[in-house]
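Line by line, the protein sequences are chains A and B.
All letters in the first sequence, in the order written, are residues 0 to 307 by numbering that gives the first Met the number 0.
All letters in the second sequence, in the order written, are residues 0 to 219 by numbering that gives the first Met the number 0.
The set of hints was computed from the structure by calculation and includes no laboratory data.
Be a bit skeptical, because a hint or two may be false.
Have a look at the derived ranges for each label pair, beta carbon to beta carbon [as the list claims (entries may be wrong)]: (1) B:125 to A:186: 43 to 49 Å; (2) B:117 to A:38: 27 to 33 Å; (3) A:17 to B:192: 45 to 51 Å; (4) A:304 to B:104: 25 to 31 Å; (5) A:4 to B:110: 27 to 33 Å; (6) B:162 to A:221: 54 to 60 Å.
Note that the Cβ used here is the ideal one computed from N, Cα and C, for glycine as well.
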Amino acid sequence: MNRHIKTWLKQHAHAFFFSLGQYVKNPINNILTTFVIGISLAFPTGFYVFLNNIQILSSGWEESIEINLFLDTAINEQEANIIVNRLSKRNDVSEIILIKKDEALAEYKELSGFSDALDVLDENPFPNVILVKQALKNTDEYKTKKLISELEAMTEIDNIQYDNTWVKRLIRILDIIKIVIFIISTLLAIAVLLIVGNTIRLSIYSYRDEIEITKLFGGTDSFIQRPFLYSGFWYGLFGGVIAWLLITASLHILSEPIKNLSNLYAGDFQLVGLGPTNTLYLLSAGVLLRLLGSWVSVKRHLYAIEAK
Amino acid sequence: MAYPAGNKALLDINLNIDKGEMVYVSGRSGAGKSTLLKLINLIDRSTRGQIIVKGQSLERIKKNHVPIFRRNIGFIFQNHRLLNDRTIFDNVALPLIIAGNNHHDVKRRVQASLDKVDLLSKINSYPMELSGGEQQRIGVARAVVHRPAILLADEPTGNLDPTLSWEMMSLFEQFNQVGVTVLIASHELDMIKHMKKRIIILNKGRITNDSEISERVVKN
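Looking at chain B on its own, in the form it has when it is part of the complex (with noise of 0.2 Å):
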């Protein structure tokens, strides 16, 4: 995939990921970790190459049925990126919100979420009574709301202390324990290399090593 000045963040990526597995992606900044889960959640476009996700190949993905694919996905953003001017409730409610579920499951819901968080208490606060650590982790809870098959993390303890941290890795080994296919983006290689999971790490656009053997195209 190319970017418009000409520079080629990812090149010859091979890559397969199972369905329920977690994997981390690692790097320096630059290396085109955040680039490839934009690409699986339809952000970017490949310019060239070939994204199979859940059997469904990217670019076949018609412009309006792009929305529904992203209703399957959750995405946990560097930056939170959190409404300011909604409460936590609305927040963590938007996915299911968008997939219509009725008020009644979209307040249990919400309220399963943050308690998984361990943020049920502030559910009608707003996001800037919130710390920094609390704020990335209502935004995992909102990634999860909706229950997707896929969980996509690009650098989410980026502002959080080494045991908070912890903490959100453990807590995404729960999500993938009940079956969630988890790809997390971290520069954070000493931590990463302490959960024990598959680790990609790419270099300039390309992956320079597989902590699993076996190469072939990425498909859940």
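If we strip away everything but chain A, and leave its shape as in the complex, we get (with noise of 0.2 Å):
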């Protein structure tokens, strides 16, 4: 029994090293199915990691409702503070800032230019406006209908205003994206298999005699499958690794423009890449894929010689 596993462990080293030895004979057309193999599992890569940013993007918005409580005009500032304090009370509120009338006042009029119309007037038109900020945690539809009916009841409020059509709106929208992405990254995953699976199919092609004749001298299914399926590994490997520096550069050279966008909207978004489990689902991705092309494909040569 030892000897069977001394032979089968030097057939094993005899496939890991001339597989090696065949990747560095014929460089060039190694390093191109190679890159084929990364340039394919990068699309749908990039694309998963497209759409979990936007993921997490999304999720920061959804949440943030905003409600503007136009008081009545009669509350002066000191009443209106109270107002504030009470509602800084809920649980469902995390940010309450009252806007004074004077602070409107003076920012409209830097901003209209209609500043000496205004001085006209006796009278600060303005009223006190209170601005409710949602609290980003467990909120739903029915928590935020519940609020919004809650503040309409005020008695002390003359008006009350929010945004959330503009973001429902918004997140319809990320969902038909979410949907669109997920059935590019589907038809990339197919284009990928079709991909390896056809350079596989090639190159193997060119060892068809050779496949022949070591059957016809004695060779079992296993001992012709193994060269290929140890290449088919190498190839996978560094396939995955050149996927992976694809997007890490990818994610690099975007990572600068972005945080400027997202400094723009006075956020802190910072994007998020492929973490190191993602990176080893890749490589294994790539591995498994060329392995299992390979199989496949000696596979099917091998019954096609048995045919004849």
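With the hints as a guide, dock the two chains, each given alone in a separate frame, to form the complex.
Given below as structure tokens:
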């Protein structure tokens, strides 16, 4: 039994080194093939990263509803502060900001250019406005509606305004984008399978003579499969590495502009890249794809030979 | 044995070949010589009848035992069928690698085998660099490197001029002298007749002449 294991190990060692040697001997061909795999893998993975980031982004937006409470003009600053205190005790509210009528007037003067016209007025036409920001955690449509209806019921307010519709529209758009991305990713994944499968088929086709002769001299199917599986392993691994490099480089290039953009939106959004777990998945996917493809291709050749 | 189109390649073959014998199978093209060899190497399977090699009935051999069975046979193809992208060394070493010999053994045996066919100098060349005759001899070296019990040669002198053909046949004789059972298919009847060995003549799939009188089932 020991001798069998020794032989088996020997054959694996032989295949291991030989496939590496073959790889080195034909660098141009092999690098092309490896790049094909790398780029094909990079596309769906890149889209997955994109999707991931969009999800993180949109989950921030979904929950932050802002409600503007326009207080009755009779209410002065002191009374407004009392209301603010009362509201801030609510647990479905994250932030309360009071915009005093003086501030509002000053801002409007500056932005609108009607400052002269406004000076004519005796009284400040602006009311005090309370800005209510909904709490981010554990919200849903029901809680949102409850908050709004309770605020509406307040006697001190004149008018209530919330930009719910705008946010809802954005969310619906994002949903559609997510679906589109998913469809494209699926198509790309299929394309990857086809491309990789075809590349393997072509490279193994050139070995069909060798496969047949080996079979005629008593090589078992697994003996014949072994070198192809090993070289498939190398192709898959290096292809995965290339995919990872492409994505990491792309993310690096994008990170500056995106940081600038998110700063304009007063956010601190940071691109999430491929973590170590995902990288492992990527490399394994590359290897598995290639192994499976090699195995299937060689098997088909073996069947074809036996049918002759 | 019948081909899918319905033509019967071999019919009513009753043949016995003893261990250590050297037999020529001759006949015109299409007579079934190649088929006979292929049946023994299990490249083709008989549709009817029985083939017994070394006491083993070939129909009984299961698919995953076929490789092991083939390792005890050396096959020489009609058109050498060497692998062009591998060196001569790799080509000849193939049966030994399949059998799992270690590197040292492989090297030694390949050199011995190439020496036997007088082509040791070409050990690192590629098949394309050799002449037709040399390629054929490499094919022979490959077929004997693992010291099989049975040697099957399908038209081994096809590409060779008379001198080389003669040399090849005497090579086979030498192998036979050390105990290898040799079966050679060749249509060059005139040359074969000079070898003074048993000759079986096939015509349209049947044996029409057997220079050995007795008739028994093929068994080694």
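Against the structure, the hints:
1. B:125 to A:186: 43 to 49 Å: holds, 45 Å
2. B:117 to A:38: 27 to 33 Å: violated, 52 Å
3. A:17 to B:192: 45 to 51 Å: holds, 46 Å
4. A:304 to B:104: 25 to 31 Å: Taking Cβ atoms as reference, residue 304 of chain A and residue 104 of chain B lie about 28 Å apart, which means the hint holds.
5. A:4 to B:110: 27 to 33 Å: At 29 Å between Cβs, range holds.
6. B:162 to A:221: 54 to 60 Å: Taking Cβ atoms as reference, residue 162 of chain B and residue 221 of chain A lie about 44 Å apart, which means the hint is violated.
Of the numbered hints given earlier, the model fails hints 2, 6; all others are met.
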